[in-house]
Amino acid sequence: MPLLKRKPVHLTPLPSLSAVLQPIPASSSTSDPSQTQAPAQLTHEQLQQFMPPDGKDDAEQLEKLLAVFRGEFTNGQTTVVGKKSKGKAVVPNSNMVNGESPQDGEPSATVQEDPAVAWRIHDRDCWYIPETGEIFTDYESYSTRKAFYDQQIFQCEVSGKSSMPYLDALRSEQKEIRQLHTRFPKQLKKAVLSTVQFQIEGKLENLADKIFERFHNRFFDDERVFVDVQGDKYLARIVKTVPPSPSLTLIPSTSNGLTLETHPLAIDLNLPSEEVLEKDDPGQYIYIVKLVEDGVEDDSQENALQVTADKISRDRINFSRTMLKRFIRDCVERDAAVYSPWIVKPAVACRWGIPMEMSESTRLFISSYRERQMGKRKREREERLGLNVEDEEVEEKPKTKKQMKEEEKRMREEEKAKKKEEERRLKEEEEERKRKKQMKWPNEDLLVEWSEEDVKVRPQLIKTLPFGDQFEKFLNSWSFLNVMGTPLNLSPFTIDDFEQSLYHNTSPSPPLIAEIHACLLSVLIADAASGHSAVRPISATGRQPEDDRDYWEGEKGATTETLSPVAEKLAQSWKDSEIPLRDNRRGWEAALVGCLWERASLESLPNFLDNILHLTFEPKPAPTRPTWSTGPSSSTSSSGLGLVPAKIPNRYPTLHHLHKLDIIAFLIELVGQTERVRGFMEESIAALTEVRKEQVDVKREVRRVQAEREGLEPKTEDVDAGEGEAAMDVDVDVKVNGHINGGGEGEDELEDELDTEMRPPEDDTYSALSSPPSTDQGHHTQTAASRRRAMAEKARERAAEEAMHRERAIKEREEVRLSKYNASEKKRLLEEEEVLAAKLKTLDYEFRSHIWTLRSKPLGLDRFGNKVWWLDAQGSAPMLAPDGKLAYGTGRLYIQGIDEPEETYYLNAANAVLEGMGVKEEVKSEDVEKRRKMEEGGKLGRGEWGCYDDVEQVREFMRWLNPKGIREKDLLKALTFWQPELLGGIARRRQVMGLDGQSEPEEPARRTRPTRRAAGDDEEKGYIGWRNRRAGGKE
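Every letter in the sequence shown is one number past the one before it in the UniProt record's numbering, and letter 480, counting from 1, is 480.
If you are wondering where the hints come from, they were derived from the structure by calculation, not from laboratory data. Built from N, CA and C at the ideal position, the CB exists for glycine as well. Hints may contain errors.
Computed cross-link-like contacts, DMTMM-like style, restricted to lysine to aspartate or glutamate with a CA-CA straight-line distance of at most 25 Å [to be verified]:
#1 Lys-186 to Asp-150
#2 Lys-827 to Glu-812
#3 Lys-416 to Glu-275
#4 Lys-933 to Glu-922
#5 Lys-405 to Asp-209
#6 Lys-924 to Glu-903
#7 Lys-190 to Glu-429
#8 Lys-867 to Asp-883
#9 Lys-7 to Asp-335
#10 Lys-210 to Glu-406
#11 Lys-427 to Asp-209
#12 Lys-420 to Glu-205
Pair ranges (Cβ atoms, derived) [said to hold, decoys possible]:
#13 Asp-844 to Asp-310: 52 to 62 Å
#14 Asn-505 to Val-696: 49 to 59 Å
#15 Glu-205 to Glu-683: 20 to 30 Å
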C-alpha cells in the first residue's frame, strides 16, 4: 500500500447497503387490487429488518455494492441472480431468496411466492474509484479524495520512490510485486510459506532472518542454481535431490501440521537449529544437476553432475535476505492482537496448497505461549511498579520421587539451554567484532569507534555573536558586500568594522555605511538607466504585485497616506543620477528613502514604513500652539497630523541597528538580480575555467622539475657500479670536453727514451765491443745489460704512475666540473620549483576567489554534520594586502549547527553501511545525542552559530578531528591546506584589535593604518578611518 509520511494510507470506508437501497413493500403478482395493499401495512422499522446484511469484510461489501449498481435490484425485484450470500433478502420462515427458487441440485425448500418486501436503489448518484474500490455517495467527498490522490506526496512502499501521485505509487508497487514473484525461486515458495504459517514472531525481519538461515544452503528439485566446477560457476538445474538417509522422507508432519518431501525438518522453526542440523544436515545431501548453456539444458545423462550443497549457490538477484523479506511481507498477514501468529493470505495459501486450519496442537502451543508471555509481561510490570505482594506462606506437600526427578531433569535442560544461548550470544558478538574489524577506513564518521572512558572533547565554542538570531543575515550581508566588491566599486572591509558601523548611532554616518548604501543604490540606478525592468525581491518572484498599497500600515502606525507627500517626491527623483563621490556621498539617505518607497513592500521589508517615518520626521510631535514654522501648510498633510519633518541625514544614525541590517539585506537582494552582478558572475565562470587550465599546466611543470631534480640525485647502486667500470677501463680513450682520457702520449715518450738508451753510441768503441770479449769483458757486458733492464723497468713503472696521476687528475677535474654543474642545476631547479609553487599558490587564491563568487561552500563537515566556514579572501576580497601581508576579513573560524534533515540523512547513511556489511546492530539517534553531549563541549542547536577566534583553539579543533571518518578526513585536509592563511588571519586580527596585549617590536603599532586617519582625529576607530579606494572605479 502506498505510504504517506511513512504510514499507510487508509481507504475511505465503504457505504452500507442501507445508504443505496430502500426497502419497499412488494407488489402482488395477481390482478386483484385488494391483495396489493396488504403488505403496505408494514412499518418502516419492519421494512428495515428485511434489509440485506452488509459484507463481513471490504471485499464482500464491495461485491454486494457493485451487484446493486449492476442492476440486480430493479422494480422491486431482482433481475440478475447473484451469490446466495450477497445481495439477497431473506424472509423469516422461508428459504426463498428474494423471490427466486434455489438452483438445480440444491435441496428443495418452501418457497414464498410473494415476498413481503423488495428493494429499489435510492434516487441518488454514486461515484466509484476502481483503482482503490472506494464508493462515495456525494460528489464533494469523491472530488476531495481524487484531488488528494493526485498530489505528489506518496511513496512506493516496495521501491522507496517518493513524491508520486497515489495511483502512480500503487502501480509502482504492483509492478515491483509482480517482478518480485517472478524472480523469487518458484520451488522455494511453498517451503518458505509453510515455514511462516502459524509462526509467532514480533518482527517480520527476525522471522525472515531465521528462514534465510534455514534455506540458504538447502535446495529443491527443478531449481536453477550456480554450480562451482573447478573454480568456475555454471548455470545448472537440479534434477534430483538425494537425501543422506531414506528415513528422512518418512518423517511425520511438523508442529505446524505441514511437511515436505525434501528437507522436511527445515520448515519447523520450533526445533532448535542444532537439532535440525544433526538430524537433517544439508551438507550430506547429494544433488544431481545438469548444466544449462545459452538457456538450453543438456539432456544427455553423461553430463549430469553429482555435487553437494557447498558447491551450489543461488543468484543473489533472485534470493537474498532483502528479497525474502519482501516476499514474506507480501504473502502474510497478522491480527492486531498481541502475540498473534503470522498467517499466509488465503489466496496465496490456496495457490500453494497450504492448509489454513490450525491443528489442535498448534492452537494449544500458541495459546500457552501467549499466556506465558502475558504473565511474564504482567510480572515485569508489577515488579517495575512495585506492586508485587508476597504470597502467603502455604504449606506445600512433599514432592514425590518422580516429581523430584522431573524437576531435576527440567533444571538440567534449562541450564543446558541457557549455556547454549550464552555460547550463541558470545559467538554472535565475536562475529560482530570481526565484521567491524574488517571495516575499511576512512568510512562513515558515526561508525568510528569511541569509548566513554577516553572521550576527546572539542574546544569550547564562542556562542556570543552579534545581532543574536539575525547573525546569519549579518554574516551573509557582509559576505555579499565583500564578494561583489568589484562590480559594486566597494573596497573590502572587516566584519568588525561592519559591526561597529551598524552600531554607530551619532551623526554623521560612518564612511563605511555611506559607501555601502551609495554603492548599492548606484548599481540599482545604473541598472534602471540601462533600460532594464525594475528588479524585485526574490520572495516576490512569480507573484502579481499587490494593489492595496493605500491600506498598508506599519507596526508603529505609519501609513502610506501619512508618508506619501514626502516619499513620493524622493521616489521620483532618486533614479535621476548616481550618487556623487564628494561630501561623504551626500544625498544617499534621500535616495534610500525613495528606493524603499518604490521597491519595498510589507512582505519583503515589514518595517519599511516605520523606517521611512523615522527617517523623514522627528520623533516628537509638533507644539500645541502653532508657530510660523509648525503651522499648517497646504503642501503637506503630515504637519496637520502633528509630525515635524526632519533632516534625513541626521535621522539615519539613530535608526535601530537591526533595521539598518534589514535595509542593507533588502538592497542586496535587489542588487543580486541586476545585470552588473550577473555579468560579474559570468566573468567569474570564465575566469574559473582559465584558472583550472593554468593549474593543470603549472602542476605538469612542477612534476617535470621534480623529475629533473630527482635525476640529478646520485643513486647508491649506480655509483658503486660506476666506480667498478672506471677501474677496469682506464686505458680506453674517451674524449671529455676535448681532453684525452688515457696515457697514449706518455707511452710514445717512454718508447723514445728506451730507444735512446738502448741505441749504441756511434764511435770507435762499438767496433771494439763487437769483437769477441774476454772473461772480464763478458762479466762487464752482463752487468751492463741487467742494469739497463732494471732501468727500463723503472722507467715503465714511473711512466705508468705518471699516467695514473694524469688520469686521476683528469677524473677529479671532471668530477669537480660535474658537481659544480649539478649544484647549479639543482639550484636552478629549486628556484624554478619555488617560483612554480608560488604561482600555484596564487592560482589557489584565484580559484578560491572565483569559486566563492559563484556559490558559498563550507570548508567541510565534522563527524556530526556541523558545517565549518572560513569566509576570508572570498570573491573580490584579496588574500594579501597591498603591502604583501596577509589580509583578514573575519579572522575567525565559524561552525554552524546541523539541521534535522541532514542529521537523519547521516544516520541513515551509517546504518546503510552496517547493513551492507551484514552487521545487525544499528546506530540510533539516542546514541548520537549521547555522544554529541560528551564530545562536542557545548552542543550547537539547529542552525546555531559558534566560532573560534584564537590560534590555539583552531589547532586544538584540528587535533580533535579524526581522519578515519570520511567527513573529518576531508575537513582536516582542507584545514591543513589553508592553515597558514587561516591562522595568519586570526593572528593578524588579534594583533590589530589588541586582543593579545602590546604588539611585537618589529611591527610597531601599525594596527591602525595611516590611511584610516582623518584630520583632527587623535584616536580614530578603525571603521571611522576606512576609505573606499574602489569608488568611481579607481581600482
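Quick rundown of the hints versus the structure:
no.	hint	verdict
1	Lys-186 to Asp-150	37 Å, violated
2	Lys-827 to Glu-812	22 Å, holds
3	Lys-416 to Glu-275	14 Å, holds
4	Lys-933 to Glu-922	20 Å, holds
5	Lys-405 to Asp-209	38 Å, violated
6	Lys-924 to Glu-903	11 Å, holds
7	Lys-190 to Glu-429	33 Å, violated
8	Lys-867 to Asp-883	33 Å, violated
9	Lys-7 to Asp-335	18 Å, holds
10	Lys-210 to Glu-406	31 Å, violated
11	Lys-427 to Asp-209	17 Å, holds
12	Lys-420 to Glu-205	23 Å, holds
13	Asp-844 to Asp-310: 52 to 62 Å	57 Å, holds
14	Asn-505 to Val-696: 49 to 59 Å	53 Å, holds
15	Glu-205 to Glu-683: 20 to 30 Å	56 Å, violated
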